[in-house]
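Chemist: Listed below are the residues making up each chain.
2 protein chains.
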Amino acid sequence: MTTQQLVQQIQQKKSFLCIGLDVDLTKIPQHLLELEDPIFEFNKAIIDATHDLCVSYKPNMAFYEAYGLKGWQSLQKTINYLNEKHPEIFTIADAKRGDIGNTSAMYAKAFLEDLNFDSITVAPYMGKDSVEPFLAFENKFAIMLALTSNEGAFDFQTKNADGEELFKTVIKTSKTWKNSQNLMYVVGATKAEYFAEIRKTVPNSFLLVPGVGAQGGSLYDVCSYGMNDEVGLLINSSRGIIYASNGKDFAEKAREEALKIQQEMEVILANK
Amino acid sequence: MTTQQLVQQIQQKKSFLCIGLDVDLTKIPQHLLELEDPIFEFNKAIIDATHDLCVSYKPNMAFYEAYGLKGWQSLQKTINYLNEKHPEIFTIADAKRGDIGNTSAMYAKAFLEDLNFDSITVAPYMGKDSVEPFLAFENKFAIMLALTSNEGAFDFQTKNADGEELFKTVIKTSKTWKNSQNLMYVVGATKAEYFAEIRKTVPNSFLLVPGVGAQGGSLYDVCSYGMNDEVGLLINSSRGIIYASNGKDFAEKAREEALKIQQEMEVILANK
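Residue numbers (our numbering), protein chains in the order written: chain A, 8 to 279; chain B, 8 to 279.
Derived from the structure by calculation, the hints contain no laboratory data.
Fair warning: this is a prediction, and the values are worked out from it, not measured in the lab.
Just so you know, nobody snuck in bad clues.
Any copy will do: because identical chains look the same in the list, a pair fits if it lies in one copy or spans two.
In silico SDA-like links for lysine to any residue, alpha-carbon gap of 20 Å or less: (1) Lys51 x Asp256; (2) Lys166 x Asp136; (3) Lys34 x Asp256; (4) Lys166 x Thr180; (5) Lys20 x Gln269.
Generate the whole structure from the sequences, applying the supplied hints.
Modeler: Structure representation (structure tokens):
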């Protein structure tokens with residue numbers, strides 16, 4: 008998918024919502040557990056109920072690997088369903104991978120080529136040659152961790168590294184890498200004022216933003232500091248939507264939660 | 008496995024070699040491709056030929072995920088074979104994972120509990136709550152990236168962070184985390200002088216050392232700077248051993264390469 012296609016989809020749906028498909032068998036409705044593939048059935052129902060309200064889905068690999076072979080199968084079915092039924096959706100493999108060059112290339116092939124995700128999240132610690140293999144695919148993206156939304160973000164990411172916070176160095180340095188136009192960045196919503204500073208360095212890049220809602224970040228603050236001419240934001244919500252109910256009405260309730268966020272986004276986009 | 012058991016194994020085998028099982032179907036002997044599970048058959052042959060010369064095996068997850076479901080199956084068979092046939096071996100899931108707390112907990116369960124690896128490599132960028140879930144298992148270890156052996160290591164890991172290189176801050180900070188006694192560290196062999204400095208901070212921790220051989224690091228230098236009273240080092244070699252030949256003699260040639268390294272290690276241990 009091209010950035011232009013993503014922007015068009017945002018304009019059409021009046022939404023820049025990404026829904027995290029972090030499926031935990033202990034949290035999904037009991038009645039699904041009787042089915043052959045509860046994880047896929049859960050995802051399918053959530054996708055069917057919300058796909059017109061969001062522009063992206065983001066399964067986190069941990070939740071699939073936790074179920075071994077079966078989990079991997081559910082992941083394959085989920086991404087195939089998305090690619091066949093909703094090719095307009097921007098898919099994100101939330102994998103946070105990163106390794107030496109030839110190894111990163113194997114991960115890149117697995118997620119961007121074989122599973123055919125539009126993008127994958129990657130970790131920056133190992134530097135240039137650990138990320139560049141993910142940037143070698145046309146119209147595919149690597150979404151690099153910059154400033155995350157968890158407590159531990161302040162252990163290293165905000166350390167002063169040669170005169171500025173490490174996450175700023177990470178973003179600046181990554182702009183010098185080959186095919187850096189295929190980079191997006193993870194920037195948590197918990198400190199909205201950082202968005203203004205990040206926009207000085209990457210005015211045009213898309214930012215994937217976790218931490219709105221459950222984790223305490225404000226959608227309005229993130230948008231006022233972080234939105235650019237092409238919106239440039241994907242706001243992620245996972246648990247707040249997919250676990251809105253654990254009864255038979257789970258998909259309906261998930262839609263209600265997604266709709267609330269989409270309607271807020273519609274107002275923000277109209278006032279832009 | 009306890010640290011004590013690992014140290015005993017090192018003393019018995021006179022080796023602190025770890026063999027990386029990074030199986031690429033384009034590099035393994037052609038005749039194996041006709042078998043039902045070429046990756047497992049390759050691993051089994053390598054393990055059978057070398058298990059008395061090394062103390063650890065380290066499959067890198069990228070090489071298994073690259074083959075999807077089949078790859079995951081080969082991984083399961085490999086770790087089961089190791090755990091059943093060679094329970095004395097210290098197994099490392101080279102996964103370089105790290106995510107927000109509840110997500111890291113899913114990865115930890117997958118690799119340390121379900122697949123039953125003795126340890127997993129983890130990435131530090133997301134800080135404390137991304138690593139602590141991997142430290143919650145008795146007699147299991149998280150091996151955290153500190154200073155890696157690739158070119159990109161010098162992009163961020165050696166940046167001056169509040170007065171010292173970032174990798175030193177990472178190691179020091181991690182010592183304050185819960186169950187930090189279950190931490191080991193990845194330290195590349197490419198800059199042996201760093202080992203002396205790292206030993207000041209973590210005199211007793213095991214260090215997993217890639218980059219000896221193919222990547223240019225010297226075994227003698229690493230040992231003279233990095234070895235402690237209980238050895239405290241696991242030296243990894245992957246391609247140099249497992250791809251010593253791509254003919255029918257591949258396992259035999261792998262043994263020859265592993266034996267060369269083990270014999271060097273025996274001399275180093277004797278002179279200690």
